[in-house]
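J.: Residues per chain, in single letters:
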Amino acid sequence: MRDLRAIARDGDRAAFHRLFDHFGPRVKAYLRRLGSDDETAEDLTQEVFVSIWRRAGQFDPAKASVATWVFTIARNKRIDALRRDRPTPGEPDDPELEIDPAPRGDAIAEFNQLSGLVMRAVETLPEEQKRLLKIFYFEGKPHSAIAEELGLPLGTVKSRLRLALGKLRALLGDELA
Amino acid sequence: MTADLTVDELLFDHAFAKLPEPVALVVSTHLSLSPAGRARYAACRALAGVLLDTAEPEPLAPDAWSRLERAIERADPIRVEQQGPPADPRVPPPLRRLVPNGFEALPWRNLGPLQEVQLPLSAQGYRTRLLRLAAGKRVPRHTHEGHELTVVIEGGFRDEQGHHLRGDLVIADASVDHRPVADEDGDCLCLTVIDAPLRLTGPIGRLLNPLLRI
Chain Z
1 MRDLRAIARD GDRAAFHRLF DHFGPRVKAY LRRLGSDDET AEDLTQEVFV SIWRRAGQFD
61 PAKASVATWV FTIARNKRID ALRRDRPTPG EPDDPELEID PAPRGDAIAE FNQLSGLVMR
121 AVETLPEEQK RLLKIFYFEG KPHSAIAEEL GLPLGTVKSR LRLALGKLRA LLGDELA
Chain G
1 MTADLTVDEL LFDHAFAKLP EPVALVVSTH LSLSPAGRAR YAACRALAGV LLDTAEPEPL
61 APDAWSRLER AIERADPIRV EQQGPPADPR VPPPLRRLVP NGFEALPWRN LGPLQEVQLP
121 LSAQGYRTRL LRLAAGKRVP RHTHEGHELT VVIEGGFRDE QGHHLRGDLV IADASVDHRP
181 VADEDGDCLC LTVIDAPLRL TGPIGRLLNP LLRI
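Chains as they are written, first to last, in this note's numbering: chain Z, 1 to 177; chain G, 1 to 214.
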């Protein structure tokens, strides 16, 4: 979080380098898992980090952790890239990148706490559910491909994913009421 | 009776950009109008951050950093400014590109107590519309093949799932045979997406079915 502030305020290259060292290879991993070839993933990763550099002043720690914010930019860049050949007039603005006009003072602590809770909640999931979450969401595979890959019936994949989300939500429930 | 799809699943899918464009539009509109929805969504985004942070890294090209340094030499910071003239505050931000001149300027089509306008999204297999149901009026009984996702933009309506107000996201599917009725205190404006044609199930509805495709 400090790094992003230094980037925004001072154009701090060293801070940006640290951020890139940690998240660059992970953003590339995300794009590769979703099916980009090596060159495209490399190019898109560059675009993601140019965006991060330019938007650092918009990072709002009340609304996202650094990891969540970096993910959101990668997610949106990928959508842009997919639609580049097929411009869609109705593409909604991304509300997540907009700054909350009235951030609450305690919201920053809340989001950090939430990220910690989610991380711990994911840790408590059974190995298989953890893996399913990762494959379905992070690697973007459809239910059918997962069923084939894991040799499970389609219905089982769906119900176990739903179970995993239900558990996550139950573990977080009180915090988000 | 509830649908086989939950709002929570939609929110997680949205965080990871897994939703088709019309559905993403409904979810974004819901999030823009509902503080409770945003609170639920925060956990979905946090999960995305956690999965990124804990991902197995993929090595970058050896010159990736020097390439990036050259690129940012030429990049100006993006500041947040109010772009263009102030938009119609009645139109939720995600809908502004599709509804640039306000709801009244749209080519509404009259269907009795109901008015509708199709929104031009190119996704195949989806119907994306704004619907306006006159105060106190009822939509003919119908059931759904596939899902119907509705977010209330103004006013409110009741159906067998409950009472829905501004910002609420309502999911109906084939298990829901409902007759939504608008609140008495004003017209109800909704954004709705269906991923299959509807079937009218009441006695009159069956007759109207080929004409009135709600």
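Source of the hints: derived by calculation from the structure; they are not laboratory data. Certain hints may be false.
What the hints assert, rightly or not - Pairs of lysine to aspartate or glutamate residues, derived as EDC-like cross-links and limited to a Cα-Cα distance of at most 20 angstroms, are as follows:
#1 Z/K167 - G/E184
#2 Z/K77 - Z/D38
#3 G/K18 - Z/E123
#4 Z/K158 - G/D53
#5 Z/K130 - G/D53
#6 Z/K134 - G/D8
#7 Z/K167 - Z/E149
#8 Z/K77 - G/E58
#9 Z/K130 - G/D88
#10 Z/K130 - G/E145
None of these values were measured; they are calculated from a predicted model.
J.: Run every hint past the structure and note whether it holds.
T.: Against the structure, the hints come out as follows:
{"no.": "1", "hint": "Z/K167 - G/E184", "verdict": "violated, 40 angstroms"}
{"no.": "2", "hint": "Z/K77 - Z/D38", "verdict": "holds, 16 angstroms"}
{"no.": "3", "hint": "G/K18 - Z/E123", "verdict": "violated, 23 angstroms"}
{"no.": "4", "hint": "Z/K158 - G/D53", "verdict": "violated, 25 angstroms"}
{"no.": "5", "hint": "Z/K130 - G/D53", "verdict": "holds, 15 angstroms"}
{"no.": "6", "hint": "Z/K134 - G/D8", "verdict": "holds, 17 angstroms"}
{"no.": "7", "hint": "Z/K167 - Z/E149", "verdict": "violated, 24 angstroms"}
{"no.": "8", "hint": "Z/K77 - G/E58", "verdict": "holds, 18 angstroms"}
{"no.": "9", "hint": "Z/K130 - G/D88", "verdict": "violated, 44 angstroms"}
{"no.": "10", "hint": "Z/K130 - G/E145", "verdict": "violated, 32 angstroms"}
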